[in-house]
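Chemist: Once you've looked at the hints, dock chain B against the given chain A.
Going line by line, the protein sequences match chains A and B.
First residue of the first sequence? That's 17 in our numbering, and the numbers climb one at a time after it.
First residue of the second sequence? That's 797 in our numbering, and the numbers climb one at a time after it.
Treat the hints as calculated values from the structure; they're not laboratory data.
Among the hints, a few may not be true.
[Said to hold, decoys possible] Pairwise CB distance ranges, derived in the manner of DEER restraints:
1) Y80/A / R892/B: 18 to 26 Å
2) F806/B / N74/A: 36 to 44 Å
3) R88/A / Q853/B: 26 to 34 Å
4) D71/A / S880/B: 38 to 46 Å
5) Q30/A / P879/B: 40 to 48 Å
6) Q85/A / Q853/B: 42 to 50 Å
7) N74/A / R892/B: 15 to 23 Å
8) Q18/A / N858/B: 16 to 24 Å
From the three backbone atoms N, C-alpha and C, an ideal C-beta is built for every residue, glycine too.
In case you want the letters, here they are:
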Amino acid sequence: AQKITQTQPGMFVQEKEAVTLDCTYDTSDPSYGLFWYKQPSSGEMIFLIYQGSYDQQNATEGRYSLNFQKARKSANLVISASQLGDSAMYFCAMREGGGGADGLTFGKGTHLIIQP
Amino acid sequence: NAGVTQTPKFQVLKTGQSMTLQCAQDMNHEYMSWYRQDPGMGLRLIHYSVGAGITDQGEVPNGYNVSRSTTEDFPLRLLSAAPSQTSVYFCASSGRVGGRDEQFFGPGTRLTVL
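Just chain A, same shape as in the assembly (with noise of 0.2 Å):
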């Protein structure tokens, strides 16, 4: 089974909207990370936001807000009023276990298209 499943292959989204992209995530560890990174086109890996499983309340970093609904093993990125510069590919990732010693697991990412 999939550790990481991200279900959006592609989203195409108006300027200014909000967005949405989902993430599921399969562990039996009570401790783990969550973790969302944006790739642009130019191909590097930027950080975006971190939820882990203890945190009580979902992750925020600006424009980016992390829906975490640990029952539903879910977590979800929100992105507010989306802008032209927020098109890429997002991924999800999940660390299992503390520290973070494990590395990361990813998900195969959701191509986000922000339209004028």
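Modeler: Only chain B this time, still in chain A's reference frame:
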């Protein structure tokens, strides 16, 4: 503060050649890792290290060696390159800061094996 640096940015090898991809970080992170990204895919973990002198295999370790002699450096070696190793390679550095995990990636190395 450069973050995570990788060299080279691009490399073309012939089948059977060897090379080392360099990675360095200046964030004093304990953990470092190498990933590869193939077209249309997310990143897959090759090897990782939890500290100087300690390394372990990830999901796709075959054909790659690593060592970690210092906290800052984590080179990836291809001993005998194969066309299946054509990919983009990312080095990452991670740690726990202020109770939060953080993991940052280098700019990547695009490797082509002919």
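Chemist: Taking the CB of Q85/A and the CB of Q853/B, does the distance hold inside 42 to 50 Å?
Modeler: violated (33 Å)
Chemist: Cβ-Cβ distance between Q18/A and N858/B: within 16 to 24 Å?
Modeler: holds (21 Å)
Chemist: Given a hint of 26 to 34 Å, does the C-beta separation of R88/A and Q853/B actually sit inside it?
Modeler: Hint holds: Cβ distance 32 Å, inside 26 to 34 Å.
Chemist: Starting from the range 38 to 46 Å, see whether the pair D71/A and S880/B falls in it by beta-carbon distance.
Modeler: This hint holds: roughly 39 Å between Cβ atoms.
Chemist: Falls inside 36 to 44 Å, the C-beta gap from F806/B to N74/A?
Modeler: Distance hint for F806/B, N74/A holds at roughly 40 Å.
Chemist: Using the C-beta atoms of Q30/A and P879/B, is the stated range 40 to 48 Å upheld?
Modeler: holds (42 Å)
Chemist: Against the range 18 to 26 Å, how does the distance between the Cβ atoms of Y80/A and R892/B compare: consistent or not?
Modeler: holds (21 Å)
Chemist: Lying within 15 to 23 Å: is that true of the beta-carbon distance N74/A to R892/B?
Modeler: holds (20 Å)
When held up to the earlier numbered hints, the structure conflicts with hint 6 and nothing else.
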